[in-house]
Amino acid sequence: MSNRDWESLALLRNLSGFFLQDVSIPRLGYSSLTRDQSDSSAKTPLVEYTNSELKMRQNQCNNGPHLIRSHGAKVAQTYLYDWLILMLLGLALVVIHLIHPFYRYVGKDMMTDLKYPLKDNTVPFWAVPMIAVGLPIGVFIIVYLRKRDVCDLHHAVLGLLYSALVTSVITNTVKNAVGRPRPDFFWRCFPDGKDVYDQFGNVICHGENKVVDEGHRSFPSGHTSWSFAGLGFLSLYLAGKIEAFDRRGHVAKLCIVFLPLLVASLIGISRVDDYWHHWQDVFAGGLLGLAVATFCYMQFFPPPYHPEGMLGGFPTLAPKILRDCEPMRETRPTMRRELETESKAKKMRVLAMDASGCPHRALPVRPWKKWSRAEDDQLISCTYVYMYTFFM
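One point on numbering: in this note's numbering, the residue at position 16 of the sequence shown is 16, and numbering is uninterrupted.
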């Protein structure tokens with residue numbers, strides 16, 4: 001680092017010490033223990049929680065033997081709005097499925113690639129939710145029975161359902177908007193094999209309306225996107241629990257992680273073999289499902305490659321300091337409502353002390369040469385979280 005960087009870091013330390021020393025906010029229920037000025041060792045003071053609401057939220061999702069019977073209702077109540085949005089996504093999925101797809105122009109010369117035989121599904125529609133959702137939930141229950149962590153179970157199930165429903169809403173919306181014909185569209189449109197076209201060369205289907213509508217929903221593959229959304233989430237979950245990326249060379253762990261992805265890939269391949277989808281449909285569906293699964297997983301768990309990846313039930317605002325990051329993200333609105341009644345100067349002091357994602361410690365003012373590398377990393381991490389909390 002250059003001299004200018006060190007000077008900026010020293011100034012940042014002095015500012016943090018100015019905001020954090022000798023501050024007491026009775027309304028928020030915090031009490032600070034300042035260091036003894038005569039103590040040359042300059043011990044870092046601790047800030048204790050006394051606010052009942054923050055204590056309750058802190059205890060809900062800590063690692064430990066928390067059971068469904070004792071803590072399940074509290075955890076679910078904390079995420080009540082998330083469950084309500086999940087129900088709205090399910091309702092939106094039903095409405096989208098009732099909408100007729102776009103009837104794309106299909107000319108006679110295009111029928112060459114759309115005359116594949118009309119076959120039954122190798123993987124039925126009803127089996128996809130069982131594989132993509134039921135199987136991962138079974139694994140989550142097994143992990144719960146072993147770890148006794150209801151927060152891990154709750155977050156895993158909620159994240160999985162979000163992954164599946166968000167993927168389904170996106171998939172069905174794109175299906176209806178694109179209206180790409182399936183490879184077996186000819187036999188859906190002309191069950192008797194006699195093709196009819198209008199004056200513009202477009203098809204005039206005389207098949208069953210429901211079958212013809214389904215023939216215009218080829219892109220992307222719903223089977224594939226659902227499979228990768230559920231089994232991809234399971235793969236990330238297993239990678240975190242068994243520490244697959246600990247760099248110790250255990251290939252067996254990678255086999256466990258790739259197994260759900262292999263099952264999802266086989267389901268996608270079956271859609272091409274059954275002539276229900278083009279290969280582009282399957283490829284796009286797999287990417288969509290895996291991308292949504294990754295985003296949903298990262299909302300509830302640390303990255304699987306992180307040292308704390310096997311810990312469950314933590315939001316990922318700042319994964320590196322999650323053990324010291326209280327109050328959790330849900331307490332941030334409550335804190336802001338309390339801060340609205342305070343003066344501007346006091347707001348800044350409280351923000352410096354209580355910002356979500358920062359260890360509640362008052363950093364003493366010392367020359368920069370005496371600071372350790374760990375304290376440097378901690379101060380920089382806290383600064384980023386302060387900025388995030390203030391602007392969000």
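Take the hints with a grain of salt, since some may be wrong.
[Said to hold, decoys possible] Pair ranges (Cβ atoms, derived):
(1) 77 with 141: 19 to 29 Å
(2) 283 with 96: 21 to 31 Å
(3) 135 with 77: 19 to 29 Å
(4) 77 with 248: 38 to 48 Å
(5) 82 with 198: 42 to 52 Å
(6) 178 with 145: 17 to 27 Å
(7) 96 with 246: 56 to 66 Å
(8) 138 with 116: 16 to 26 Å
(9) 135 with 109: 22 to 32 Å
(10) 148 with 77: 38 to 48 Å
[As the list claims (entries may be wrong)] Below, in silico cross-link-like pairs of lysine-lysine (DSBU-like), each with a Cα-Cα straight-line distance of 30 Å or less:
(11) 108 with 210
(12) 210 with 119
(13) 74 with 194
(14) 74 with 119
(15) 194 with 108
(16) 115 with 253
For the record, the hints were derived by calculation from the structure and aren't laboratory data.
Even for Gly, the Cβ is constructed at its ideal location relative to N, Cα and C.
Checking one constraint from the list: CA of residue 74 to CA of residue 119, max 30 Å. Satisfied? Cα-Cα ~49 Å, so violated.
Assuming the hint says 22 to 32 Å, is it satisfied by the Cβ distance from residue 135 to residue 109 or not? Distance hint for residue 135, residue 109 is violated at roughly 44 Å.
Measure nothing beyond the straight line between the CA atoms of residue 108 and residue 210; if it is 30 Å or shorter, mark the hint as holding. holds (22 Å)
Could you see if the CB distance from residue 178 to residue 145 stays within 17 to 27 Å? The hint (17 to 27 Å, Cβ to Cβ) is violated, given that residue 178 and residue 145 are roughly 44 Å apart.
Hint says 21 to 31 Å; check whether the CB-CB distance for residue 283 and residue 96 agrees. With a Cβ separation near 22 Å, residue 283 and residue 96 satisfy 21 to 31 Å, so the hint holds.
Pair hint residue 74 and residue 194, alpha-carbon separation not exceeding 30 Å: violated (63 Å)
Would you check the hint for residue 115 and residue 253, treating anything up to 30 Å between C-alpha atoms as holding? Violated: residue 115 and residue 253 sit about 44 Å apart, past 30 Å.
Residue 135 versus residue 77 beta-carbon gap, inside 19 to 29 Å or not: holds (28 Å)
Quick check on a hinted range of 38 to 48 Å for residue 77 and residue 248, using CB atoms only. holds (40 Å)
Residue 246 and residue 96 - C-beta distance against the hinted 56 to 66 Å: violated (42 Å)
Assess, step by step, whether the Cα of residue 194 is no farther than 30 Å from the Cα of residue 108, and give holds or violated. holds (12 Å)
Within 30 Å, alpha carbon to alpha carbon, are residue 210 and residue 119? Status holds; Cα separation ~16 Å.
Figure legend: structure checked against the earlier numbered hints; hints not met, in rising order: 6, 7, 8, 9, 10, 13, 14 and 16.
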